[in-house]
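Using the hints provided, position chain B relative to the given structure of chain A.
2 protein chains.
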Amino acid sequence: MVGLEEAKAIFFNHFAHKQSGCELIRSENAAGRVTAEPVFARFSSPTFHAAAMDGIAVRAEDTFSASDNTPLALDLSSGQAEFINTGQPLPEGKNAVIMIENVILDEDENKAIIRAPAFPWQHVRKVGEDIVATELLFPTHHFITPPDIGALLAAGISQVAVTKRPKVVIIPTGSELVQLDDFPMEVPAGKTIESNSAMLAAMAKEAGADAEITPIVPDQYDQIKEALKKALKAGADLIILNAGSSAGSADFTVKVIEEMGKVLVHGVTIMPGKPTILGEIEGTPVTGNPGYPVSALISFEQFLAPLLKKMQGMDHGDRPLLKAVSGRNLPSKAGIEEFRRMVAGRIGNDIVALPVKKGAGAITTMTRANAMLRIPAHSEGISAGQKIEIELLRPRSQIEKTILCIGSHDLSLDIIHDFLRKGSPPWYMAATHVGSLGGITAVRDGLCHLAGTHLLDPESGKYNVTYLERYLKGRKKARLYTLVYREQGFMVQPGNPKGIKGIEDLTRDDIAFVNRQAGSGTRVLLDHELKKAGISPSEIKGYDNEEFTHMAVAVSVLSGKADAGLGILAAARALGLHFIPVTEERYDLLIPEDALNLPSIQALLDIIKSKEFRKRVESLGGYSTRDAGKLVASI
Amino acid sequence: MVGLEEAKAIFFNHFAHKQSGCELIRSENAAGRVTAEPVFARFSSPTFHAAAMDGIAVRAEDTFSASDNTPLALDLSSGQAEFINTGQPLPEGKNAVIMIENVILDEDENKAIIRAPAFPWQHVRKVGEDIVATELLFPTHHFITPPDIGALLAAGISQVAVTKRPKVVIIPTGSELVQLDDFPMEVPAGKTIESNSAMLAAMAKEAGADAEITPIVPDQYDQIKEALKKALKAGADLIILNAGSSAGSADFTVKVIEEMGKVLVHGVTIMPGKPTILGEIEGTPVTGNPGYPVSALISFEQFLAPLLKKMQGMDHGDRPLLKAVSGRNLPSKAGIEEFRRMVAGRIGNDIVALPVKKGAGAITTMTRANAMLRIPAHSEGISAGQKIEIELLRPRSQIEKTILCIGSHDLSLDIIHDFLRKGSPPWYMAATHVGSLGGITAVRDGLCHLAGTHLLDPESGKYNVTYLERYLKGRKKARLYTLVYREQGFMVQPGNPKGIKGIEDLTRDDIAFVNRQAGSGTRVLLDHELKKAGISPSEIKGYDNEEFTHMAVAVSVLSGKADAGLGILAAARALGLHFIPVTEERYDLLIPEDALNLPSIQALLDIIKSKEFRKRVESLGGYSTRDAGKLVASI
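Chains as they are written, first to last, in the numbering used here: chain A, 1 to 635; chain B, 636 to 1270.
I should point out that these hints are in silico values taken from the structure, not numbers from a laboratory.
Cβ coordinates follow ideal geometry from the N, Cα and C atoms, glycine included.
Heads up, a few of these hints could be off.
As the list claims (entries may be wrong) - Beta-carbon label-pair distances, calculated as ranges: (1) A:Ile25 <-> B:Val813: 13 to 23 Å; (2) A:Lys531 <-> B:Arg661: 15 to 25 Å; (3) B:Gly1256 <-> A:Asn13: 36 to 46 Å; (4) B:Ser1269 <-> A:Lys262: 41 to 51 Å; (5) A:Met260 <-> B:Ser793: 30 to 40 Å.
Isolated chain A (complex conformation) (with noise of 0.2 Å):
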């Protein structure tokens, strides 16, 4: 177990001599490519002297006599004076030209009056002012432009000496992975979708590479060394045996690099991605890739993505970073570098980024993030309020535009972030789901433009503006929003099998809840309920058993871990289960007065309020938007 730099320095100098080869192309299909030799120039450009200006050529010897009092004709049909484009060449003899808005005409066309004289060479393209013949065009390992391709046409190279695109070999092992299209309709019970080489083909294809992924190979060391020889045969400049690099006993991606050459790193101090194992074998790079997503990601781009440009002679650029300042304490364990998924947005002055969740395993942290926070090894982690710089994983600009959306989460929000995706700018959206009033308290404390509340007041029967009063009031403003009414009741198991009808059935012995997580409306609402009904939270089995989404509830539900949970009906259909209804729930959006005229904002408004908007969340079923867009308070 090696730190990252370490590691870097032991692979890349073990191979800092590979290169991926030399080949001729035409310079029409060269962008993106690298010059693999200095380009001169064949040609000059122009290779005539040629007019920059539409006029008439002359010889500015000619012109010298004339003036604004002394105004001179040049006679145009014995060629004293000659009509020329910009572009065309200067006629023989000529050394000028005259642009034609400073030139009148006499009446028959013969003559063209001036009333300037022009000095040699005006408006005049000489031979080589873009390109002298036998000029340095660009250097070795110059990474070649669209208008480098103009360059190279018209310096007179019809094909550059580039680099080869490195051939990357994916071999995915694993006895439990299967090929999606083997199984379009379900996957088999403890089986896995092969999903990472396709990922790993993108990332080398976006590192100049061409990639080729071989068939599935089970956990199996002959299978695996077999697979091995068969790329290394194929010519493979890398090969990533993907994944069997940890430490279970089905893991012989360490061993068989070992039989066959040798292990540089095994394991490095990084999360994701500490199961890296890097090697060679008879010259050629092999790699054990983690098998988690995220962490077989983060491997390739630490380690691989870059040895694979440097054998292009490509300059592997390091991500943009931004500063940025972290909404959240973010503990972490010292000795090892931590990589998080953020995203980020601009609250006033500041950028603010926020956690997604961790888990490795979980690719939809990368696909939702916009940025990335490295902590260091020697740090023990981040508080919140802490300036940091982040590594962007979007552009610039889609981070400037994105909404940071925090608190309860509805499915409602999905549809308003898809409508300003499609509007015109697009507006981006990032949620983070830590309930309503996690919500409350980010909107106070300055980390989002928008939080999602569904908090009931059980004294007064009302939702959320109590809790705003006690929160926000004098501390900061903002309004509040209604979004929709949403139907919450009992998810169930399909066809209700315990015969569940209503709240008192969740004291019973054979019945386990799962329930959210405490400061969420739906555990307010629950609690409320229970009240009403005079049941204590002692007598239910799995109250403690919290979860963060009415969809993870859902989930518990479905998959036997827990009889029933209380949530929204679209949750209960999205998976197919059966819904027990309870009450009709407000769920309002509350906005924090600085973010309100946010054009970004007032289009989210916008969309709320519009017809198309309202069909779609009706059409989730168990949704009414009657008040969608009502100003419910002024905080």
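For chain B alone, coordinates are given in the frame of chain A:
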């Protein structure tokens, strides 16, 4: 003629609803494409409760009594505990995993001994922890990246609906144009290589489109019309006529669009790019792009790239911006927005940006620049030292690695550049050629890392040092290193038709001379040699005819504009000119002391001391590297 923003508003609003359509493609090929509709997960991921660690699977309730003082033995043979690897499904009845590191096996390996209880669902990835079936995976118009492919496959989505690549048809027009492939050895007199279309096609591909280039169409009204009809019939989403958009007699573009459809914009107050035509025929955008390569490029990037991206639902991000300091006065015409190509690099705490030359006809202004400065229409220019914001044409990391080199040019600098780029890490060099004295003042003013200089002091016969004492001493600390000795002499036409033998021939009536600019080392050398020979500058025809580089002087001679010019052997040899040696001069590198410890400058000093570098320089002819890297003076 309208302003840039107005032209954009007219053009983009006119095609606000133009879409490129939609197609289904395989998810693994979707990187770089854009979703055409919201994408919902079909499967949950994981689809089963899976071990998140290698270890043993247990029922948490069985472990509650374990502690440091009361270790607990779980029975492996009966299946009370079962070995499990990361990713494997949790056996029926088990609900937790204990890491293998926390398990001790008894001698028979029948019992697993633990010293701490497991809590329920510890180290278990629960069903749907990453993705819940039916949830929104991506909204409409989501730009698909490699991790997104992993998420698509994991969610059971083998095909994804994306927006189509728009089809761009590029019609090169101009009777002066020829294809390089037809004239690979020499361009016919008065003809120009058609190089814009390939550049525009590569830009279209960068904007996500497919591009097709038609054969060259001569400046004939009917033929242009015919080509347009054909492109419309072929289903083009965007048609570019390039060029034929200025006011010359051959400019039929605007007339054809007017006849067949509608001209929306004719002329935009930008430079380069002014003669842009934006129009529409049968609902298809048809544009007349200016013919100068930089004009064509800017017109494309301002109008066509954003439209192509919009058709695909792709967010058109602006180029990243960087704060910089202008190293020069940049006067600009009010009423015109100017796009100045710049080279930028870090000098101490500042990014310093310097202009490259202006010509819209010079594509090398784009290929050599790493940044673009936009001077707004209302501005009359930028002052040296003024804070500016530049748009990055190359990655920020590259600009940070760029050596700014101002001063006299020598071919050996190109060789240094080539070696720098092949290094690890690669370094970049951006050079502007302003003569030796300009280089010394640039060092003095903190505008560069390096200046090439070869200024002879006629009094002492010494090179450079006298000038440094005069211009630098007490104002900026710097060191002077010798780079090369090189032969200076008269470049004359091949075969020396006018029989020039030496400096005294320059006074002949039939000899036109081409000079270097005042302040250049070669000019100082000439003046010194003239004085020695007792010749007055007024006796030489063309003494005031100035060029800025050796190569430009050589081109003047080759093209017959001049009969003789003073320059280096390598330049004469490059263009096949006859060379009459005059003297050997020393060419030094001046490096400000505060740049000396930069790793880039250290790499450069290592290069000029290397055998490989010396060998390549000497192979140019007329060079001696006998003192390369020798410290001459510390000022």
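* **Numbers of unmet hints, in rising order** => Structure breaks hint 2 only.
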